[in-house]
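Chemist: Residues per chain, in single letters:
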Amino acid sequence: NAGVTQTPKFQVLKTGQSMTLQCAQDMNHNSMYWYRQDPGMGLRLIYYSASEGTTDKGEVPNGYNVSRLNKREFSLRLESAAPSQTSVYFCASIGTRGEKLFFGSGTQLSVL
Amino acid sequence: SQQGEEDPQALSIQEGENATMNCSYKTSINNLQWYRQNSGRGLVHLILIRSNEREKHSGRLRVTLDTSKKSSSLLITASRAADTASYFCATDAWNTDKLIFGTGTRLQVFP
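Residue numbers (my numbering), protein chains in the order written: chain A, 4 to 115; chain B, -9 to 101.
Isolated chain A, as found in the complex:
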């Protein structure tokens, strides 16, 4: 049982480049989340998906797009990366309200 799998673990981009962060869970969870964590800060919600086919903005959605491809997968896309998007990105999932979040291991992204 792999839990939540995020790829890649590390990525360096140049300003203006695009990339997609992949996330998959094998726990049949309904809700999935993308967070970013800047150094010394808490996690900020970028987007979330309460169920397959739905996505909603979080606290800091600008500059990002998401896709809930199916119940297992929730991807995060940076169309034109900016240095301000340098951060650690965490994907997480939850079965239903009132349960704990399961986290992926994180993606360390640097935008030069």
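These are calculated hints, taken from the structure and not from any lab test.
The list that follows gives simulated cross-link-like pairs (lysine-lysine, DSS-like), each with its CA atoms no further than 27 Å apart: (1) K103(A) / K88(B); (2) K88(B) / K60(A); (3) K60(A) / K17(A); (4) K103(A) / K60(A); (5) K88(B) / K74(A); (6) K88(B) / K16(B); (7) K60(B) / K103(A); (8) K16(B) / K60(A); (9) K103(A) / K16(B); (10) K46(B) / K103(A); (11) K60(A) / K60(B).
Remember, it's a predicted structure, so these values are computed and weren't measured experimentally.
Got chain A sorted already, so can you dock chain B onto it with the hints?
Modeler: For chain B alone, kept in the frame of chain A given last:
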């Protein structure tokens, strides 16, 4: 701005002392959770308290929730050096699945 604001931002104590950190939030919630994060690593779930609960215990952890004040506290009793970490509260706004984290408290426990 973040849903949860925690204080203090940083806390330093000696082993054996108790550590208390507080979380305040802005909107009505379904549940409140506490997580721990060791430096540069993933988050570990500690405890969840529902909006209709007032207090919950798990080992050396005690969590209280005051929905009238929109606040929660996490007490770690008899702290150990291994408790050194950042602690975050997370809330899901009432009747939604939107899960927001607080700003966190950095706890340092000296041997």
